[in-house]
Every structure is written in C-alpha cells, then in structure tokens.
Amino acid sequence: GENVEQHPSTLSVQEGDSAVIKCTYSDSASNYFPWYKQELGKGPQLIIDIRSNVGEKKDQRIAVTLNKTAKHFSLHITETQPEDSAVYFCASYINQFYFGTGTSLTVIP
Amino acid sequence: DSGVTQTPKHLITATGQRVTLRCSPRSGDLSVYWYQQSLDQGLQFLIQYYNGEERAKGNILERFSAQQFPDLHSELNLSSLELGDSALYFCASSVEQGFGTQYFGPGTRLTVL
Numbered sequence: 017g018e019n020v021e022q023h024p025s026t027l028s029v030q031e032g033d034s035a036v037i038k039c040t041y042s043d044s045a046s047n048y049f050p051w052y053k054q055e056l057g058k059g060p061q062l063i064i065d066i067r068s069n070v071g072e073k074k075d076q077r078i079a080v081t082l083n084k085t086a087k088h089f090s091l092h093i094t095e096t097q098p099e100d101s102a103v104y105f106c107a108s109y110i111n112q113f114y115f116g117t118g119t120s121l122t123v124i125p
Numbered sequence: 230d231s232g233v234t235q236t237p238k239h240l241i242t243a244t245g246q247r248v249t250l251r252c253s254p255r256s257g258d259l260s261v262y263w264y265q266q267s268l269d270q271g272l273q274f275l276i277q278y279y280n281g282e283e284r285a286k287g288n289i290l291e292r293f294s295a296q297q298f299p300d301l302h303s304e305l306n307l308s309s310l311e312l313g314d315s316a317l318y319f320c321a322s323s324v325e326q327g328f329g330t331q332y333f334g335p336g337t338r339l340t341v342l
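Taken in sequence, the protein lines are chains E and V. Residue numbering for the first sequence follows this note's numbering, starting at 17 and increasing by one per position. Residue numbering for the second sequence follows this note's numbering, starting at 230 and increasing by one per position.
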C-alpha cells in the first residue's frame with residue numbers, strides 16, 4: 017500500500033522566517049495531496065491541497081509544490097507568525113487517505 | 230467551527246467494554262470518514278461511508294464497526310476494548326465520494342483503563 021513519509025518531525029523558526037516541510041509518497045498513482053494544520057485540542061484543518069496535474073499552488077503565505085517524478089511534495093510557509101505554530105500533516109490519496117506522521121512547527125516571536 | 234459534531238468529547242471506560250462514538254457531518258456532506266489518532270501511530274484512516282454505503286476500508290480492526298444512517302450521521306462501535314485502543318477518534322465529512330476537502334470534527338478522546 018501507499019506509504020507517506022514526512023520530515024522534519026519538529027521545526028523551530030524565528031518569526032518572519034520561512035518554514036518548509038517535505039513529504040514523499042510511494043504509489044505513483046496517488047492523485048491528490050492535501051496539507052492539514054492541527055492546533056492543540058482541535059481536529060485537523062485543511063490549509064492547502066494540490067492535485068497531481070498541477071506542479072505548484074499558492075494561497076497567500078502558503079504554497080505547495082509537487083514533483084511527481086521524484087514522488088515528493090512540500091509545504092512552504094513564508095513570513096511565519098506565532099499563530100502558525102501547530103502540527104502540520106501531509107497526506108496523499110489513492111482510494112483512501114494516507115497521512116504523514118506530522119511536523120510540530122514552533123514559531124519563536 | 231468545521232460544522233462537524235462529535236459526541237462525546239471524552240470517554241473513559243474499562244478493558245473489555247464496548248462504546249459507541251457518534252458523528253454528525255456538515256449539512257449537505259454525504260461522505261463520513263473515521264480516523265484514529267494515537268501518539269505512536271499518527272493519523273490512521275479507519276473507514277469511509279458515502280450516502281449510507283461503505284466506500285473504503287483502512288486499518289480497522291475486526292472489533293470495530295461503523296455505519297451511516299439515513300440521516301447521514303454515523304456511529305463507530307468499538308468492542309472488547311484494549312488498553313491500546315486509547316486514542317483520539319476523529320470523524321470527517323466531505324461532499325465528494327472520492328478525494329476532496331475533508332472537514333474534521335473536534336474528536337472524541339477515548340481512554341481505556
């Protein structure tokens with residue numbers, strides 16, 4: 017079955033810096049790649065997604081890139097703010113959703 | 230607020246017992262997904278229902294079962310509970326049958342003593 021790996025598991029950045037989280041997947045047939053943000057005590061919330069026929073997508077300070085050849089996709093957060101501190105999960109979809117193990121992002125004011 | 234509701238918020242029970250978790254999807258959403266989130270295994274997909282029918286099955290144990298009712302709410306039944314079943318259980322809903330935006334509920338924290 018599909019295997020999604022996510023790195024790093026923890027990430028600390030200074031406010032205003034950029035943060036990058038990377039994921040790899042194993043099944044080349046995977047066709048949808050969402051990213052979720054989970055704050056303490058809450059359920060995951062979709063922040064951006066990308067389909068397999070698109071290489072990059074941007075929404076304000078957040079962007080996702082997809083390299084189908086290398087089977088990896090990345091989340092980029094620019095101009096980080098303290099409220100970006102949370103756990104971020106990547107996922108892939110091939111008949112069901114497969115999640116990465118999460119990255120705990122801390123933005124230091 | 231995602232619009233997905235889950236009850237109860239917390240559940241404490243003993244090994245060997247059976248519990249039922251309830252989920253109400255967002256208005257208009259036909260798909261309901263169940264996930265288990267534990268510290269050592271991350272977010273694991275359990276099962277998906279679409280408009281009352283089982284659509285996809287993940288790593289769901291035989292001791293667990295689920296169903297979606299005509300009013301589209303869903304229940305996850307966990308039986309013969311073990312200590313290792315202690316986890317957060319999330320329900321998510323979406324309009325689509327396949328991939329698409331999922332909206333997660335606040336979760337039910339299950340503690341098995």
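Hints were generated in silico from the structure; no laboratory data involved. Predicted model, so just to flag it, every value in this text is computed and none were measured. Cβ coordinates follow ideal geometry from the N, Cα and C atoms, glycine included. Among the hints, a few may not be true.
If you only want the chain E side, here are some residues facing chain V, beta carbon under 10 Å, derived [claimed, not checked]:
(1) Pro24
(2) Thr26
(3) Ala35
(4) Tyr52
(5) Gly59
(6) Tyr109
(7) Ile110
(8) Asn111
(9) Tyr114
(10) Phe115
(request) If any of the earlier hints don't hold here, list their numbers in rising order. (result) 1, 2, 3
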